[in-house]
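*Asks:* From first to last, the protein sequence lines stand for chains B and E.
Here numbering that gives the first Met the number 0 is used: the first residue of the first sequence is 0, the next is one more, and so on.
Here numbering that gives the first Met the number 0 is used: the first residue of the second sequence is 0, the next is one more, and so on.
I should point out that these hints are in silico values taken from the structure, not numbers from a laboratory.
Keep in mind the model is a prediction, meaning the values are calculated, not measured.
Incorrect hints may have been included.
What the hints assert, rightly or not - Facing chain E, a subset of chain B residues (Cβ under 8 Å, in silico):
hint	residue
1	F29
2	F30
3	A61
4	V62
5	E94
We treat Cβ as the ideally placed atom computed from N, Cα and C, and that holds for glycine.
The residues making up each chain are set out below.
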Amino acid sequence: MIIFGREEKGMRYIVLRPNSSLSTRQALIFFAGISMVFLLIACIFLCMGLRMILPFSGLELAVLAYCLILALKKGKVQEVITISEKPVLVQRGLEEVEKQEELQMGWVQVNLEKPTHRGYPSSLIIRSHGRRIEVGHFLVESERKKLAKQLKQWL
Amino acid sequence: MTTVTDTHEDHHDHGPAKGLMRWVTTTNHKDIGTLYLIFSLIMFMVGGAMAMIIRLELFQPGLQFVDPGFFNQMTTVHALVMIFGAVMPAFVGLANWMLPIMVGGPDMALPRMNNWSFWILPFAFAMLLGTFFMDGGAPAGGWTMYPPLVLQGGNGFPFMIFAIHMMGISSVMGAINVIVTILNMRAPGMTLMKMPLFVWTWFITAYLLIAVMPVLAGAVTMLLTDRFFDTTFFNAAGGGDPVLFQHIFWFFGHPEVYILILPAFGIVSQIIPTFARKPLFGYSSMVYATSSIAFLSFIVWAHHMFTVGMPLQGELFFMYATMLIAVPTGVKVFNWISTMWKGSMTFETPMLFSIGFVIMFTIGGFSGLMLAIAPADFQYHDTYFVVAHFHYVLVTGAIYAIMASVYYWIPKWTGHMYNEKMGQWHFWISTVSVNVLFFPQHFLGLAGMPRRIPDYSVQFAEFNMWSSIGSFVFGLSQVFFCYIVYKTIKGGEKATDQVWEGAEGLEWTLPSPPPYHSFTQAPEIK
Numbered sequence: 000m001i002i003f004g005r006e007e008k009g010m011r012y013i014v015l016r017p018n019s020s021l022s023t024r025q026a027l028i029f030f031a032g033i034s035m036v037f038l039l040i041a042c043i044f045l046c047m048g049l050r051m052i053l054p055f056s057g058l059e060l061a062v063l064a065y066c067l068i069l070a071l072k073k074g075k076v077q078e079v080i081t082i083s084e085k086p087v088l089v090q091r092g093l094e095e096v097e098k099q100e101e102l103q104m105g106w107v108q109v110n111l112e113k114p115t116h117r118g119y120p121s122s123l124i125i126r127s128h129g130r131r132i133e134v135g136h137f138l139v140e141s142e143r144k145k146l147a148k149q150l151k152q153w154l
Numbered sequence: 000m001t002t003v004t005d006t007h008e009d010h011h012d013h014g015p016a017k018g019l020m021r022w023v024t025t026t027n028h029k030d031i032g033t034l035y036l037i038f039s040l041i042m043f044m045v046g047g048a049m050a051m052i053i054r055l056e057l058f059q060p061g062l063q064f065v066d067p068g069f070f071n072q073m074t075t076v077h078a079l080v081m082i083f084g085a086v087m088p089a090f091v092g093l094a095n096w097m098l099p100i101m102v103g104g105p106d107m108a109l110p111r112m113n114n115w116s117f118w119i120l121p122f123a124f125a126m127l128l129g130t131f132f133m134d135g136g137a138p139a140g141g142w143t144m145y146p147p148l149v150l151q152g153g154n155g156f157p158f159m160i161f162a163i164h165m166m167g168i169s170s171v172m173g174a175i176n177v178i179v180t181i182l183n184m185r186a187p188g189m190t191l192m193k194m195p196l197f198v199w200t201w202f203i204t205a206y207l208l209i210a211v212m213p214v215l216a217g218a219v220t221m222l223l224t225d226r227f228f229d230t231t232f233f234n235a236a237g238g239g240d241p242v243l244f245q246h247i248f249w250f251f252g253h254p255e256v257y258i259l260i261l262p263a264f265g266i267v268s269q270i271i272p273t274f275a276r277k278p279l280f281g282y283s284s285m286v287y288a289t290s291s292i293a294f295l296s297f298i299v300w301a302h303h304m305f306t307v308g309m310p311l312q313g314e315l316f317f318m319y320a321t322m323l324i325a326v327p328t329g330v331k332v333f334n335w336i337s338t339m340w341k342g343s344m345t346f347e348t349p350m351l352f353s354i355g356f357v358i359m360f361t362i363g364g365f366s367g368l369m370l371a372i373a374p375a376d377f378q379y380h381d382t383y384f385v386v387a388h389f390h391y392v393l394v395t396g397a398i399y400a401i402m403a404s405v406y407y408w409i410p411k412w413t414g415h416m417y418n419e420k421m422g423q424w425h426f427w428i429s430t431v432s433v434n435v436l437f438f439p440q441h442f443l444g445l446a447g448m449p450r451r452i453p454d455y456s457v458q459f460a461e462f463n464m465w466s467s468i469g470s471f472v473f474g475l476s477q478v479f480f481c482y483i484v485y486k487t488i489k490g491g492e493k494a495t496d497q498v499w500e501g502a503e504g505l506e507w508t509l510p511s512p513p514p515y516h517s518f519t520q521a522p523e524i525k
């Protein structure tokens with residue numbers, strides 16, 4: 000998903016997010032529902048003296064929780080490209096900025112590199128002074144092309 | 000200086016890496032789907048070979064070819080191989096191939112875990128099949144592993160338990176991956192009630208799988224500790240209860256039956272509308288019926304054990320609860336028939352297998368209803384009637400749906416059309432022979448022939464001979480199926496992107512075969 004924005008004093012920004020059909024709330028509701036059923040089953044068996052089922056249920060729910068968290072994290076990665084008069088700022092992170100890079104406006108090149116193998120995704124590279132930053136690797140091809148076109152207009 | 004460049008670098012048209020390591024390290028859903036499908040075909044032939052030995056021995060009364068101990072090993076391992084090695088991996092393979100494409104996602108949500116969940120399987124089955132070469136041979140107490148009989152087995156017993164654990168881990172990882180993929184990887188606009196039925200049935204199947212697998216894992220672990228660590232969970236002498244094992248086994252086992260059949264419902268719900276050239280009748284009712292079947296599967300387990308001695312109230316509850324399952328199942332059969340009603344039907348091989356599924360699965364369902372009647376079950380229990388019933392459900396049900404799906408999607412997978420004439424021959428030979436194989440077993444059971452015996456009274460000779468002849472022809476027709484698949488992979492008429500005139504869904508918007516990475520463009524959801 001791409002959000003194009005414009006702030007004051009000619010500053011523009013682009014927010015890039017991967018597609019994610021699961022929200023944190025939905026994941027929580029799903030996990031709570033599934034855990035209640037599975038733990039109820041395991042606890043009934045525990046009351047009957049069958050002690051070995053609960054640990055397996057617990058282990059399985061832990062793996063499920065980990066996988067859901069992993070998927071949610073993947074879906075919440077965000078890239079923000081801020082274009083002002085001087086530097087081009089590329090920020091990456093989950094909840095907060097984890098990585099930030101600056102490129103000099105006048106020297107920036109935008110390259111949409113075709114993949115080396117057919118069927119693989121292309122790469123959108125912003126580079127300046129020998130530094131290459133790939134942006135929007137999680138976008139689909141059509142979004143990446145749209146982004147490249149917009150960056151061309153703005154840079 | 001600002002430029003946008005479409006850099007035309009060296010463009011090699013050779014896709015993914017070559018060689019064996021591609022398959023070992025792959026995280027691509029299509030590669031892993033292919034691995035699962037090939038593995039399940041191999042296991043289908045291995046389990047089928049065991050079935051041939053069983054039917055060869057039963058061709059005539061008396062002991063001809065194998066000793067009774069080996070016969071029991073055959074019946075036990077045949078079931079384990081077919082359930083955990085053939086049918087389940089085939090459905091997981093289909094899920095791997097089709098689910099991401101059907102929901103418009105680029106891959107499965109957890110690709111590395113996907114690789115692990117496949118590569119555990121060959122080791123699990125190597126271990127299970129390796130027990131044939133151990134002291135005391137392979138497990139021979141039946142796939143249900145009832146104590147105390149199973150605890151009296153040879154050195155193969157702990158290896159069987161470990162193999163089952165590994166199969167369970169593989170299944171659970173596959174199921175978690177399916178759930179996370181369906182929840183998180185859907186394309187924008189692909190709401191839950193827009194998902195294809197195959198996706199829905201797999202979602203519910205995955206839920207069932209992760210609900211019951213810990214119960215199986217716990218049950219077999221307790222068997223292990225009873226044998227090696229002096230616990231007495233299932234040993235009456237130490238205060239345990241062997242019947243309790245049956246309860247927990249079937250608490251896993253009955254939902255397992257639906258794990259084996261729900262994805263089949265999904266497949267048939269994809270194929271029938273395509274060849275009837277009509278949308279599926281009653282989409283929402285299909286979703287709700289599938290959910291109802293899944294719910295009911297948790298409260299009917301004791302119909303497998305009416306004869307162990309249960310309070311009358313218990314027998315009545317499980318009898319009526321079991322009969323209730325006929326309602327949502329009936330909704331499904333009604334919807335499939337209504338979809339075909341006044342449709343512009345054509346009868347290509349996938350449609351033939353789907354119609355075969357609807358008719359013969361219904362026969363299996365009806366014999367299931369007969370078995371659900373508690374007083375009648377006392378007569379049928381542990382007879383060949385039960386064998387006939389579950390083979391109608393699992394062979395002409397689950398396996399027919401898998402065959403239908405292979406014919407339906409193989410042009411998409413390979414880019415080649417299969418040979419239609421050969422496919423039709425395969426269907427007709429299989430359908431005639433499978434009925435010669437399993438239908439007489441109803442009569443054998445009603446006449447009182449017990450299951451799991453290598454020898455029998457002469458009064459059962461004729462039907463057994465028919466059944467064995469049917470099995471040999473059915474077995475050969477599956478070798479023919481392998482040839483058809485091989486021939487299609489190697490070449491054939493080029494398939495179009497849509498393949499089938501009436502096909503709808505995102506998978507048909509991709510080229511045949513689809514690119515290594517699907518959906519480089521955002522799919523359009525109608």
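*Asks:* Quick one, is the B:V62 hint okay against chain E at 8 Å, beta carbons?
*Replies:* holds, 6 Å
*Asks:* If you take the shortest Cβ to Cβ gap from B:F29 to chain E, is it below 8 Å?
*Replies:* At 7 Å from the nearest chain E Cβ, B:F29 passes the 8 Å test, so the hint holds.
*Asks:* Given B:E94 as an interface hint, is its Cβ closer than 8 Å to any Cβ of chain E?
*Replies:* violated, 18 Å
*Asks:* Hint B:F30 vs chain E: min CB-CB distance below 8 Å?
*Replies:* At 10 Å from the nearest chain E Cβ, B:F30 fails the 8 Å test, so the hint is violated.
*Asks:* Holds or violated: the hint that B:A61 contacts chain E, with Cβ atoms closer than 8 Å.
*Replies:* violated, 11 Å
When the structure is compared with the earlier hints, violations turn up for hints 2, 3, 5 and for no others.
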